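Student: Protein sequences, first through last, are from chains L, P and A.
Going by numbering that gives the first Met the number 0, 122 is the number at position 123 of the first sequence; the sequence numbering is gapless.
Going by numbering that gives the first Met the number 0, 340 is the number at position 341 of the second sequence; the sequence numbering is gapless.
Going by numbering that gives the first Met the number 0, 259 is the number at position 260 of the third sequence; the sequence numbering is gapless.
Simulated from the structure, these hints should not be mistaken for lab results.
All values derive from a computational prediction rather than experimental measurement.
Hints may be right or wrong, so weigh each one.
Unchecked claim - Examples of chain A residues toward chain P, derived with CB under 8 Å:
no., residue
1, Glu7
2, His12
3, Ser77
4, Gln78
5, Tyr110
6, Leu112
7, His124
8, His127
9, Phe130
10, Phe166
11, Asp325
12, Arg326
13, Gln329
14, Leu396
To be verified - Incomplete in silico selection of chain L near chain P, CB under 7 Å:
no., residue
15, Glu125
16, Ala176
17, Gly178
18, Thr342
19, Arg372
20, Glu404
21, Asn414
22, His450
By construction, the Cβ of each residue, glycine as well, lies at the ideal position given by its N, Cα and C atoms.
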Amino acid sequence: MHSTSGAEPLVLHPERFFDADPAIRRVAVALYEETHALPIISPHGHVDPWLLANNEPFPEPTALLLTPDHYIFRMLYSQGVSMESLGIPTRDGTPVETDARRIWQRFAEHYHLFRGTPTGVWFDHELHELFGVRLKLGASTATAIYDQIAERLMSAEFRPRALFDRFNIEVLATTDAAGDTLDAHRQIRASGWAGQVVPTFRPDAVFRIATPVWRDAITALEQVTGRSIGSYAAFIDALVQQRAFFRSLGATATDHAVVAPYTERLDTARAEALFAAALQGRATAADQQAFEAHMLMEMARMSCHDGLVMQLHPGSFRDHHTHIVDRFGQDKGADIPVATEYTRNLHALLNAYGAHPNFTLVLFTLDETTYARELAPIAGHYPAVRLGPPWWFHDSLEGMRRFREQVTETAGLWNTTGFIDDTRAFCSIPARHDLARRMDANYLGGLVARHQIDMSDARQMARALAYDLGKRAYRFTTGS
Amino acid sequence: MHSTSGAEPLVLHPERFFDADPAIRRVAVALYEETHALPIISPHGHVDPWLLANNEPFPEPTALLLTPDHYIFRMLYSQGVSMESLGIPTRDGTPVETDARRIWQRFAEHYHLFRGTPTGVWFDHELHELFGVRLKLGASTATAIYDQIAERLMSAEFRPRALFDRFNIEVLATTDAAGDTLDAHRQIRASGWAGQVVPTFRPDAVFRIATPVWRDAITALEQVTGRSIGSYAAFIDALVQQRAFFRSLGATATDHAVVAPYTERLDTARAEALFAAALQGRATAADQQAFEAHMLMEMARMSCHDGLVMQLHPGSFRDHHTHIVDRFGQDKGADIPVATEYTRNLHALLNAYGAHPNFTLVLFTLDETTYARELAPIAGHYPAVRLGPPWWFHDSLEGMRRFREQVTETAGLWNTTGFIDDTRAFCSIPARHDLARRMDANYLGGLVARHQIDMSDARQMARALAYDLGKRAYRFTTGS
Amino acid sequence: MHSTSGAEPLVLHPERFFDADPAIRRVAVALYEETHALPIISPHGHVDPWLLANNEPFPEPTALLLTPDHYIFRMLYSQGVSMESLGIPTRDGTPVETDARRIWQRFAEHYHLFRGTPTGVWFDHELHELFGVRLKLGASTATAIYDQIAERLMSAEFRPRALFDRFNIEVLATTDAAGDTLDAHRQIRASGWAGQVVPTFRPDAVFRIATPVWRDAITALEQVTGRSIGSYAAFIDALVQQRAFFRSLGATATDHAVVAPYTERLDTARAEALFAAALQGRATAADQQAFEAHMLMEMARMSCHDGLVMQLHPGSFRDHHTHIVDRFGQDKGADIPVATEYTRNLHALLNAYGAHPNFTLVLFTLDETTYARELAPIAGHYPAVRLGPPWWFHDSLEGMRRFREQVTETAGLWNTTGFIDDTRAFCSIPARHDLARRMDANYLGGLVARHQIDMSDARQMARALAYDLGKRAYRFTTGS
């Protein structure tokens with residue numbers, strides 16, 4: 000047995016993350032006690048639906064927890080640890096480290112880098128609550144902790160569906176390309192398992208008419224819809240049909256990633272011309288920008304008809320580091336945010352659809368300067384708009400605090416959606432919701448301690464943030 | 000009598016809004032005790048001067064407190080309550096809800112939306128302190144509270160001038176178009192009433208040469224000055240004359256709303272050409288932008304001569320929601336801020352006039368990112384510049400905290416103006432000043448508790464923020 | 000003797016600047032006790048090396064503490080005190096106030112302006128800790144305090160080198176033009192004194208090909224390198240040579256000030272053409288922008304070779320007030336920040352060099368909105384990047400708090416450099432480091448009190464911030 004002598008204990012303090020002030024903490028604890036056991040609503044994220052369709056055992060710890068999680072390896076990479084030495088697979092198959100234990104050890108030796116970060120908070124939560132680890136992760140404890148996790152992963156209780164139930168997930172939405180067959184979702188439905196897992200319609204690829212992968216995305220959409228897409232009109236028809244297909248499998252939402260949230264309607268002739276240019280492989284970057292702006296308008300229009308909630312995630316300069324995307328592919332920790340403008344960019348869309356009674360638009364941002372300046376005033380006026388919670392880099396203790404402090408005074412609580420985990424790391428879902436519920440309880444605790452609201456108000460608000468608002472905004476009707 | 004059984008009490012905790020920490024709260028309480036009864040200086044706002052000229056009784060509660068206040072109805076609108084059902088009058092006279100009690104009930108049923116907002120804080124203050132309400136507003140208490148307020152409004156003590164005195168307002172500035180006759184102000188003066196109510200010169204409309212209402216604004220200016228304005232030179236003369244007229248009725252300031260605070264002097268020939276184009280109805284948006292930039296320079300130049308304090312309120316994209324302005328008009332909760340630049344935009348104006356000994360320029364912003372980055376360094380250098388307090392959406396508990404924390408370290412306290420309520424809701428004035436005095440006492444309490452300043456310093460600073468700075472910045476000489 | 004009766008005592012509370020909450024303060028005190036006596040690493044600043052080369056006594060208090068410090072006189076100027084009355088020398092020799100005691104008195108009468116500012120904190124620290132002052136500075140105590148300081152300055156213990164040792168400075172880096180002879184540094188080395196004072200290579204002037212002083216800067220570079228710089232190729236050779244010369248005298252870093260951190264490589268022919276245009280005096284502002292963007296690429300390339308740490312200080316609109324620079328020169332408190340973009344501007348440089356194992360790029364900003372949005376994600380990915388501490392206006396209590404709260408969760412602690420004083424006021428160095436150590440201890444104290452990290456973690460982190468990180472990032476090997 001590997002020696003862990005001298006290792007420090009891993010302790011999760013029951014009142015962790017609450018304000019040190021006793022008056023605030025007392026209220027926060029009381030509110031958290033009422034919300035921490037509520038079911039989890041997860042209306043947006045990136046869990047692979049095949050995980051729950053196949054319900055196979057998870058692999059060993061490194062393949063489960065480290066190599067797929069760019070929140071983890073980007074931090075080690077930033078301190079000079081090579082991606083290859085962490086076992087990140089290369090696109091051309093160049094060999095990388097394959098010894099899972101060696102990678103785990105390397106991670107453990109750098110685990111101090113995560114002190115003060117939400118990734119560290121989530122990981123400690125997973126170690127302690129899911130895997131029963133009681134020693135701080137570090138060089139001397141790495142092997143023992145690896146063994147402990149590996150052993151647990153072999154048991155039936157750690158199969159994905161068993162964890163889904165144990166996590167108390169009421170509904171989990173995945174993210175799926177417009178041309179997806181949704182086979183995994185159909186398999187889940189056919190299996191008779193009661194877990195509610197629903198797809199989300201994400202058509203980004205078919206809107207990016209100047210990219211090399213656009214043609215393949217259109218082909219996939221043609222195949223899944225059984226239509227030939229030789230014109231803009233046919234394209235629109237295919238989208239309508241596929242949105243209905245997604246809805247038939249439980250989808251309640253669409254999702255859209257753009258750099259700038261620019262919206263502008265084209266006349267049909269212009270849209271047809273751009274689409275024709277794309278089919279001929281000669282669409283330009285400017286063409287794509289106009290087409291994406293127009294398609295956001297179309298997505299809003301369709302949502303008014305079919306009721307799918309429209310989500311907008313702008314502001315990421317994807318694949319900023321060319322070497323990384325070339326060698327390792329996308330989503331490898333090299334996406335860097337840019338300043339984002341909403342007031343002018345969303346003017347067309349909000350004027351056309353922002354007051355439609357069947358439309359919900361959930362806005363996210365990576366640019367916190369827009370919380371109080373643009374997003375809260377927009378959500379505090381337009382009936383269709385709700386603000387999604389702090390996203391990505393801002394899904395953090397301080398990020399959540401800043402969001403509430405900068406949004407609530409203008410938009411109130413009811414124009415926000417409650418927490419969304421947005422994760423591809425299935426095992427981190429409870430940790431993320433637990434942290435959010437703690438931070439929201441703490442925010443409300445401050446309002447109570449400063450006599451801005453009373454406990455009766457705060458109780459309703461805590462429950463709204465933890466459960467009601469997310470369920471309502473994303474139009475989930477019943478638990479399962 | 001309407002049943003209010005089971006209703007919760009409305010309590011205003013005497014130490015509300017102060018930090019929960021006992022050391023900070025203790026100091027904050029001590030400082031607030033010294034400032035809370037100081038007279039109110041209100042150097043900028045939108046109270047209708049006819050209110051105080053006529054001194055008629057206020058109407059019933061809904062017409063007084065709800066329908067004119069876009070802070071209130073925008074929040075209900077954002078949650079799907081139609082403007083029509085709230086009795087907001089339409090421009091074309093299409094009928095809307097007219098039952099004041101039904102509107103009040105609808106508001107009360109949605110009053111939870113204001114939890115955690117400054118609007119909720121102000122409204123509770125008004126209910127409790129002005130109208131003696133002791134139950135939380137909600138569905139079950141709406142009628143009883145309506146009746147209670149309605150009854151009070153009938154008494155002589157609730158006439159506008161009586162409230163002006165009761166509110167302990169030392170001076171109240173209104174906002175008046177360049178072409179205003181100031182009849183209300185003359186009537187107040189002629190009435191012999193001692194209350195100090197002064198106009199503010201707001202010439203925005205006569206600078207917007209590309210808008211359809213410009214011609215009417217010029218005509219009004221012609222009529223009030225008795226001049227024909229057929230040239231730029233005549234326009235300048237009319238402005239000088241009208242500024243003197245405003246000063247004769249007590250005005251100490253001008254006010255200017257622009258989207259971007261761009262300043263640039265044109266040569267006279269160019270200014271004349273633009274003005275001629277406007278008279279011929281063919282000024283473009285670009286012409287207007289250049290003309291407005293030039294007229295800000297002219298306003299600063301005139302202020303150096305006549306001593307009127309110049310206020311600049313940039314950064315609002317007015318009437319963002321076209322449907323709302325078309326149907327209900329302006330100032331209906333659909334103004335959305337945009338990012339604002341000061342360093343380059345004000346370069347011309349500050350270089351020309353920023354060190355003039357007779358010039359004061361008060362800067363406001365809806366873009367908090369400029370507090371520490373641009374505004375505090377500008378105010379911490381240019382002798383003419385003072386920073387106005389957090390404006391509009393940022394006139395809030397957290398907004399005031401952010402302002403002090405981001406401005407004070409570079410600009411100090413003496414380069415700011417103290418609190419400005421900027422309200423059209425006359426009855427909310429005491430609530431707004433009370434909140435600001437609490438937040439300022441609390442900010443200073445933090446500095447004392449962390450031993451950055453001592454109590455002797457803090458006492459002077461608290462009084463400066465509550466009273467002295469505003470009076471000095473706006474050049475009010477005596478109390479009445 | 001001048002009367003100071005009635006003056007208030009100047010007290011520096013031992014637990015000053017720590018959070019009022021007892022749980023946080025207790026931890027902060029414990030952490031600060033372990034870091035406050037660590038040696039000072041000062042890897043970037045503007046102390047004149049001749050000060051330590053000559054080791055002459057300091058002049059009287061006003062010439063030492065007031066007239067050279069734009070943090071001080073800009074605040075008085077902003078409140079209407081003329082630069083002339085504060086003895087700021089004019090460029091054309093126009094007489095200004097020369098009575099040092101009168102200037103000191105004027106400053107003391109306005110000292111309240113610094114309440115709540117870091118300048119006030121530093122100045123009180125210097126008065127109390129360095130000069131033994133025990134009365135608050137003000138009108139009535141000005142003379143007595145002046146006398147007390149003046150007397151101390153005459154003693155041998157107040158010579159620069161004695162203070163350097165007393166301040167416990169392990170290493171001090173100055174900032175030196177590319178064409179500097181480094182005579183002061185050579186004299187220090189030759190003197191046998193053990194104090195480690197090193198130069199920093201700052202070539203801004205030779206990159207600004209459209210400015211009138213460029214030709215002189217090139218001439219200086221020609222003289223110090225003994226080369227004729229008639230071409231771009233020769234220019235590059237001269238820079239390589241001079242960087243080696245700086246390194247031979249202990250330099251470990253370069254420093255670069257630009258408005259926007261725009262980077263883009265030119266092909267050699269284009270670079271040669273721009274340089275030729277500059278030599279002929281016909282380089283345009285656009286030429287300079289392209290050349291500077293290219294030279295940042297070149298500086299990074301050279302750093303990969305010679306290991307000099309590259310520092311980037313963007314975002315200041317220098318000499319915003321033309322009257323001030325014309326009459327008094329540069330660095331007179333009239334530099335105003337502008338919004339700054341990093342994600343797109345640094346794309347070229349980071350893609351080319353951001354993962355080079357011998358490259359370190361330290362990024363600074365005057366635009367706090369980039370902390371969480373751009374800088375932390377960049378530092379949390381690119382191995383070469385470290386974030387410098389809050390700079391200039393943000394080197395303050397609240398500024399340091401915002402930096403840690405907005406950077407740590409994404410970038411962690413180890414992608415930052417620890418504190419940098421960046422001062423030209425030699426006597427303020429201990430005050431600045433003391434304040435930073437207090438604020439960092441307090442930040443960590445909050446994490447501990449909220450059970451996010453434990454004391455064992457916090458101890459290592461506090462030491463890293465106070466000493467280890469700065470020493471490692473700037474590649475200082477041993478203490479002396």
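Student: Holds or violated: is there a CB of chain P closer than 8 Å to the CB of histidine 127 of chain A?
Tutor: With a minimum Cβ separation of about 13 Å from chain P (threshold 8 Å), the hint on histidine 127 of chain A is violated.
Student: Would you check whether histidine 12 of chain A satisfies its interface hint, that is, whether its CB is within less than 8 Å of any CB in chain P?
Tutor: holds, 4 Å
Student: Per the CB criterion, is tyrosine 110 of chain A less than 8 Å away from chain P?
Tutor: For tyrosine 110 of chain A, the interface hint is violated, since the closest Cβ of chain P sits about 10 Å away, which is over 8 Å.
Student: Under 7 Å is the threshold here; is the Cβ of alanine 176 of chain L close enough to any Cβ of chain P for the hint to stand?
Tutor: violated, 33 Å
Student: Are phenylalanine 166 of chain A and chain P close enough, Cβ to Cβ, to be under 8 Å, as the hint says?
Tutor: For phenylalanine 166 of chain A, the interface hint is violated, since the closest Cβ of chain P sits about 23 Å away, which is over 8 Å.
Student: Quick one, is the arginine 326 of chain A hint okay against chain P at 8 Å, beta carbons?
Tutor: violated, 11 Å
Student: So, as I understand it, the hint says arginine 372 of chain L touches chain P; can you test that by seeing if any CB pair is closer than 7 Å?
Tutor: holds, 5 Å
Student: Close enough to count: is the Cβ of asparagine 414 of chain L nearer than 7 Å to one in chain P?
Tutor: Nearest chain P Cβ about 6 Å off; hint holds.
Student: Does the CB of glutamate 404 of chain L sit less than 7 Å away from some CB of chain P?
Tutor: holds, 5 Å
Student: Min Cβ distance, histidine 124 of chain A to chain P: is it shorter than 8 Å?
Tutor: violated, 12 Å
Student: Is the interface hint for glutamate 7 of chain A satisfied, with its Cβ closer than 8 Å to some Cβ of chain P?
Tutor: At 6 Å from the nearest chain P Cβ, glutamate 7 of chain A passes the 8 Å test, so the hint holds.
Student: Interface hint check: glycine 178 of chain L, Cβ to nearest Cβ on chain P, cutoff 7 Å. Holds or violated?
Tutor: violated, 35 Å
The structure fails to meet hints 5, 7, 8, 9, 10, 11, 12, 13, 15, 16 and 17 from the earlier list, while all remaining hints are met.
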